[in-house]
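Please build the complex by placing chains B and C on the supplied structure of chain A, with the hints as guidance.
Chains as they are written, first to last, in the working numbering: chain A, 1 to 253; chain B, 1 to 248; chain C, 1 to 323.
Take the hints with a grain of salt, since some may be wrong.
Listed next, with one range per pair, are the computed distances between beta-carbon atoms [as the list claims (entries may be wrong)]:
| # | chain 1 | residue 1 | chain 2 | residue 2 | range |
| --- | --- | --- | --- | --- | --- |
| 1 | B | Ala27 | C | Asp214 | 45 to 53 Å |
| 2 | C | Ala11 | A | Val56 | 26 to 34 Å |
| 3 | B | Ser140 | A | Ala65 | 32 to 40 Å |
| 4 | B | Val2 | C | Asp214 | 46 to 54 Å |
| 5 | B | Ala27 | C | Pro133 | 56 to 64 Å |
| 6 | A | Gly97 | C | Leu131 | 57 to 65 Å |
In case anyone wonders, no lab produced these hints; they're calculated from the structure. Note that the structure is a prediction, hence the values are computed from the model and not measured. Just so it is clear, CB atoms sit at the ideal spot from N, CA and C, and this is done for glycine as well.
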Amino acid sequence: MSGGHAHALHFHGHSPLHRLPAAVKLVGLLAFVLAVVATPARAVWAFSAYALILMVLLVLSEVPARFFLTRLAIDLPFIAFALLLPFVGEGPRFNLGPLTVSAAGLLGAWNLIAKATLSAGASVLLAATTEVPDILAGLSRLRVPPVLVAIASFMIRYLEVVAGEFRRNRIAMAARGYQSRSALDWKPIAVSAGALFIRSFERGERVYQAMLARGYDGRWRMEGQQVIPRTQWLAGLFPGIVAAAIMVASRLW
Amino acid sequence: MVTQLSVSDLSFSYPDGTEVLKQVSLAIAPGEKVGLLGPNGAGKTTFVLHLNGILRASSGTINLGGITLSDETLREIRRRVGLVFQDPDDQLFMPTVFADVAFGPANFGFAPEEVDHRVREALESVGEWHLADRAPHHLSGGERRKVAIATVLASDSELLVLDEPTSNLDPAGRRELVALLSSLPTTQLIVTHDLPFVFELCPRSIIMDRGRVVADGRTGELLSNRQLMAAHRLELPFGFDPTNIASR
Amino acid sequence: MHIPDGFINVATAAGAGVVAASGLGASLRRTGRDLSERQIPFAGLTAAFIFAVQMLNFPVGAGTSGHLLGGSLAAILLGPWLGVLAVAVVVFVQALMFADGGIVALGLNVLNMALVTALVGWGVFRSLVKLLPRRSTAVMIASMVAGALSVVASALAFVLQYAIGGEGAAPLQTVFPAMVGVHSLIGIGEGVITALAVGAVLAVRPDLIKGLSDLKLPRLATTPSRRSIVAFVAAGLVVALALVFLVAPIASGDPDGLERVAIDNGFIESAKEHPLEGPLADYGVSGIENEETGTVLAGAIGVGATFVAGLIVTTILRRRRSA
Chain A
1 MSGGHAHALH FHGHSPLHRL PAAVKLVGLL AFVLAVVATP ARAVWAFSAY
51 ALILMVLLVL SEVPARFFLT RLAIDLPFIA FALLLPFVGE GPRFNLGPLT
101 VSAAGLLGAW NLIAKATLSA GASVLLAATT EVPDILAGLS RLRVPPVLVA
151 IASFMIRYLE VVAGEFRRNR IAMAARGYQS RSALDWKPIA VSAGALFIRS
201 FERGERVYQA MLARGYDGRW RMEGQQVIPR TQWLAGLFPG IVAAAIMVAS
251 RLW
Chain B
1 MVTQLSVSDL SFSYPDGTEV LKQVSLAIAP GEKVGLLGPN GAGKTTFVLH
51 LNGILRASSG TINLGGITLS DETLREIRRR VGLVFQDPDD QLFMPTVFAD
101 VAFGPANFGF APEEVDHRVR EALESVGEWH LADRAPHHLS GGERRKVAIA
151 TVLASDSELL VLDEPTSNLD PAGRRELVAL LSSLPTTQLI VTHDLPFVFE
201 LCPRSIIMDR GRVVADGRTG ELLSNRQLMA AHRLELPFGF DPTNIASR
Chain C
1 MHIPDGFINV ATAAGAGVVA ASGLGASLRR TGRDLSERQI PFAGLTAAFI
51 FAVQMLNFPV GAGTSGHLLG GSLAAILLGP WLGVLAVAVV VFVQALMFAD
101 GGIVALGLNV LNMALVTALV GWGVFRSLVK LLPRRSTAVM IASMVAGALS
151 VVASALAFVL QYAIGGEGAA PLQTVFPAMV GVHSLIGIGE GVITALAVGA
201 VLAVRPDLIK GLSDLKLPRL ATTPSRRSIV AFVAAGLVVA LALVFLVAPI
251 ASGDPDGLER VAIDNGFIES AKEHPLEGPL ADYGVSGIEN EETGTVLAGA
301 IGVGATFVAG LIVTTILRRR RSA
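With the rest of the complex left out, here is chain A (with noise of 0.2 Å):
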C-alpha cells in the first residue's frame, strides 16, 4: 500500500494517456464503465468491443501488460465467487461435461465476470497514469466539495504514516513477546487501533497548528485550474463514447 506520488497503481509515464487532464479522464471513465454496465449480458460482442477498446488504451498508455494485469487481480476473488453462481442460480439446468448448471446462473457469473473486470481494468488504467494530486485536482475540477477533496487530499498524505505507525506498533508488540494464540486475540489488535486513533488525531491537532501558523483562515484554495482545451475534452471522452454507442447498439438488437 503505498499514497502520494508512486502510489502501488501508478505508472510513472509520458503517454498521451498520462498527459491528459485527470478531469477528462475520471468522466471517460464514468461513461466506459457506465456504457460497460448498462450494456446486456447476452451482447458477448458488445463485451468483446469494450475490451478491445481497452486493450487499445493500454497500449497507448505504454503501461506494461504485466504491470496491468497483476494490478487486475484486485478482481480475482470476485470471479471466484461468480464462478458459483452457475450452481447455485435458479431456472432449468444443464449438463455441462460432468456437472450440473443452471443457465441462469452461467450467464449471471459471465455478466459479471465481464462487467466486473472491464470496470476495474479501466479504472486499474486511470490510476495508472495518473498521479494522486492530479486526481484530487480533477475531482476538485468536476465540482466534488473542496471539502472532500481536502479530506481525501490529507487522508493520502497520511496513509503511510499512520500504517507506518501501526506497523511499528505490531513490531513491538512481536518484540516484546506477543503471539496471537487464539481467535478470540483481538484486543491487541483492537487496543493497538485505539492507540493508533489518538495518535492519528493528535497528530490532527499539530497539523491543524502548523496549518494556522501558515496562515489558514478556513478557507481552502486549492491550485489554480487552467482551461482544458475541447480538443483534450474530445480525445479523452472518445473511448467513452465509442461505448455508449456500442452499448445504445446492444440494447436494440
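Okay, now just chains B and C, sitting in the frame of chain A:
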C-alpha cells in the same frame, strides 16, 4: 536597540489553571541567531506557539518589527513569523512538496504567478528545487527538514522559529542544516536540546525553565557555566568542551 | 463489502448514487463551517486511520475473515456527520486509486459502507449510552452493539439493492439469509474491535470521543480482561442469533424450507475451503453456504456451527503457527 522581536511579561495558563509561562520577557535584534534552551516541560514549545498567535497569552505583549500582536494584526504576524514544527510530517501536510510550499503564500493572498515564483525561490534557497513534484513522505529526513524550512521562507518571514530542527537527522543532514541556517540572513530563534548545534550556530542563547527566562547571554559562556547548566538539567555530550573550541 | 460493477444494474446504482450524494450533502451542511475551519485535518487523519485499520483482517469463523468497516467507530469518535464524510472519502479513494469497488457502484458503496454504517452505528450507540448506566463498561457494550448492528444494517442495505436491481442470478431467498448470517459474524468482529478501540480511547483521551461529549462519565481506566472479551463475543453471538430469528422468517419466502433442514454437513466443509484472508471472502461464503438453508433453524444452526468451527480451525492454525 532596534528589535526584531520583543516580548514583555508574557504569561500563559492552561484552562485547568496550570501556569506554563510566567512573565517571559526577551528581545531579539534583526539578523540575530538565538538558541532557546531548557529541560523538557520548561515551556519552550508553548512559548513558540505564542509567537505566531496560535496560543494567546493570558497577559503580556508580543511585538514584531514594530507591530503588536492583536486580532487585527494576527494575519500579518503569522506571515512575518515562520514557524518550523518539530516533526516535518506535521509541517508538510500537502500531497506534493510544491503544493506544500505554496500553501503559505497562497493563504497570504499573493497572486498565482507570484506564488509560483516564491515557491521556486524558497526551494532553491534550501537547494531542493528538484524535489518540487515529489510527495513529502518519500523524502529523507534531511530533505524533509529543508523543505519544511522552505515552506516558511516562501512567505518572506522575518523571523524564523525552529523547534528541535536537528531531531531525527543523521550527522550529514545535521551538518547540511548548520550550513543552510548560517547562510540564511533571516533572524532565527532555535529551540533545541542539541547544545553543540546551538554552540556552532548561535552566538547568543536563552535558557528557560519552569516557564521563566533564567539566563540570557553568550552561548559559550552559558554552556561553560556548570552550576547554571546543572541547575536546569542541561548536559553537554561526553567529550564536548565549549572552552576548548574557538568561541563564536 | 466492496460491490464491483456489474452486480447491481445501472438504474439502481444511479438511484443509490443520488441518495448517497444527498446524504453527503446533508453531512457537509451539518458539519458546516466548523468543519472547514478546524476539522479537515482531523477528518483526513481519521480517514487515513480507517483506511489503515481496514487492512486488518480478523477471523470470523470457518476460515473466513472480515475486515473492519469502521463506520460506527468513526461515528462514535467523530460524530455521525464527520464520520460519514471520513468513511466516504475512504471509499472514494479505494475506488479511484486502488480499483477496489466499482465506479458506477460508487454510490452503492458510499451508501452501504459510509452512510448506513455511520448513521446506524451512531443511533444505536447514542440510544444505548443514554439508557445504560454511566460506566465505561456500558460505553463499550454500546460500542459493541453499535458496531455489530451497523454491519448487519449495511448487509441489509445491500440485500435491498440486490432485490431491486441485482444481476447476480442468485435467488434472493439465498442471498438474504446468507448475507445476514455471514455479516452477523463479521458484525461480532466489528463490534468487538469497535468496543475495544473506543475503550482504549476512553482510557486515555475520553475528551476525543464525540459520542460522549455531552455526557458526564467518571474517568475510568479500562483495559478489558480476557474474560470480558469472551463475554463480548458471547453477547455478539446472542445478537447474531437473535437477528437470524427475527430476520430469517422474513427472508425465507419458502415454507417448505423447513423440510429441507437436513443440516448440511457440506455447509461447514465448503466454507472451510475459502482462502483465509480473501478480501471478498464474505461474498464468497454468502454464495454457497446457505444453498440449502432458508429457514430460521438452519440459519441459527449455521451461525452457531460456522462460529464454532471457525473458532476451532483458527485456534488450531494459530497454535500450530506459533508452535
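Hints versus structure:
About 46 Å separates the C-beta atoms of Ala27/B and Asp214/C, a value consistent with the hinted range of 45 to 53 Å. At about 29 Å, the CB distance of Ala11/C to Val56/A agrees with the hint of 26 to 34 Å. Between Ser140/B and Ala65/A the Cβ separation comes to about 34 Å, which falls inside the hinted range of 32 to 40 Å. Separation of Val2/B from Asp214/C is about 53 Å and conforms to the stated range, judged on CB atoms against 46 to 54 Å.
A C-beta distance of roughly 58 Å is found between Ala27/B and Pro133/C, which places it inside the suggested range of 56 to 64 Å. Here the CB-CB span from Gly97/A to Leu131/C is close to 59 Å, well matched to the stated 57 to 65 Å.
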